[in-house]
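Single-letter residue listing:
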Amino acid sequence: AQSVSQHNHHVILSEAASLELGCNYSYGGTVNLFWYVQYPGQHLQLLLKYFSGDPLVKGIKGFEAEFIKSKFSFNLRKPSVQWSDTAEYFCAVNPPYGNNRLAFGKGNQVVVIP
Amino acid sequence: EAGVVQSPRYKIIEKKQPVAFWCNPISGHNTLYWYRQNLGQGPELLIRYENEEAVDDSQLPKDRFSAERLKGVDSTLKIQPAELGDSAVYLCASSLESVGNTEAFFGQGTRLTVV
Numbered sequence: 001a002q003s004v005s006q007h008n009h010h011v012i013l014s015e016a017a018s019l020e021l022g023c024n025y026s027y028g029g030t031v032n033l034f035w036y037v038q039y040p041g042q043h044l045q046l047l048l049k050y051f052s053g054d055p056l057v058k059g060i061k062g063f064e065a066e067f068i069k070s071k072f073s074f075n076l077r078k079p080s081v082q083w084s085d086t087a088e089y090f091c092a093v094n095p096p097y098g099n100n101r102l103a104f105g106k107g108n109q110v111v112v113i114p
Numbered sequence: 001e002a003g004v005v006q007s008p009r010y011k012i013i014e015k016k017q018p019v020a021f022w023c024n025p026i027s028g029h030n031t032l033y034w035y036r037q038n039l040g041q042g043p044e045l046l047i048r049y050e051n052e053e054a055v056d057d058s059q060l061p062k063d064r065f066s067a068e069r070l071k072g073v074d075s076t077l078k079i080q081p082a083e084l085g086d087s088a089v090y091l092c093a094s095s096l097e098s099v100g101n102t103e104a105f106f107g108q109g110t111r112l113t114v115v
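Chains A and B, in that order, are what the protein sequence lines are.
Counting from 1, position 4 in the first sequence corresponds to residue 4 in our numbering; the numbering is continuous, with no gaps.
Counting from 1, position 8 in the second sequence corresponds to residue 8 in our numbering; the numbering is continuous, with no gaps.
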């Protein structure tokens, strides 16, 4: 079945460390890609998105993601995390035939230790 | 601008009882989604509306789940009767358009516990 894969469900790191979360999808064709973040007690909110153009996308709070079409990947990165980045991160894909049906990965629970 | 509003935030019911969730999308958003998020999983689409029409309900368990979006604004999602396996967070989202390159805005969800 076509899907969105996120690995390393639980990530624990110290402040100032670098973060990279992997996202791979198995849909062919042109897709729209998103990373959503859910801070403790809050709703899902958009971190960044890729529709077309420059495959390196800048988002809020210093996050960026790179779309690599040949690898079907859209990995999220932040060079130096802060305690406030503790959250759950979800990769989502809008497949080409999906009629705007966002397909989510299982999420990465990230804990940043002060 | 108010975001997507859902109520209630939490609901605990006994199995076989009915339950309903309510969603008020962002004003002007014609596309509304209901998602279910099980523990440790990402959200999964249950149903998508464009205005008052359900255009994608293939993932909705129609034997016990129903939804409506009267007048193309607010929406309710109902489960009758609820089963233990329905315990999850039910998320409502809305977007301005129904095309794929549109951001979906999410509410805080309703956490349902069936005992």
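If you are wondering where the hints come from, they were derived from the structure by calculation, not from laboratory data.
Treat the hints with care, since some could be wrong.
What the hints assert, rightly or not - Here are the simulated DSSO-like pairs of lysine-lysine, each with C-alpha atoms no more than 27 Å apart in a straight line: (1) B:Lys11 - A:Lys106; (2) B:Lys62 - B:Lys11; (3) A:Lys106 - B:Lys78; (4) B:Lys71 - A:Lys106.
Stated by the list, open to error - Derived Cβ-Cβ restraints for the label pairs, each shown as a range: (5) B:Leu39 - A:Glu66: 28 to 38 Å; (6) B:Ser7 - A:Glu64: 43 to 53 Å; (7) B:Gly72 - A:Ile113: 23 to 33 Å.
Backbone N, C-alpha and C define an ideal beta-carbon position, used for all residues, glycine too.
Hint compliance check: list the failing hint numbers for this structure, sorted ascending. 4, 6 and 7
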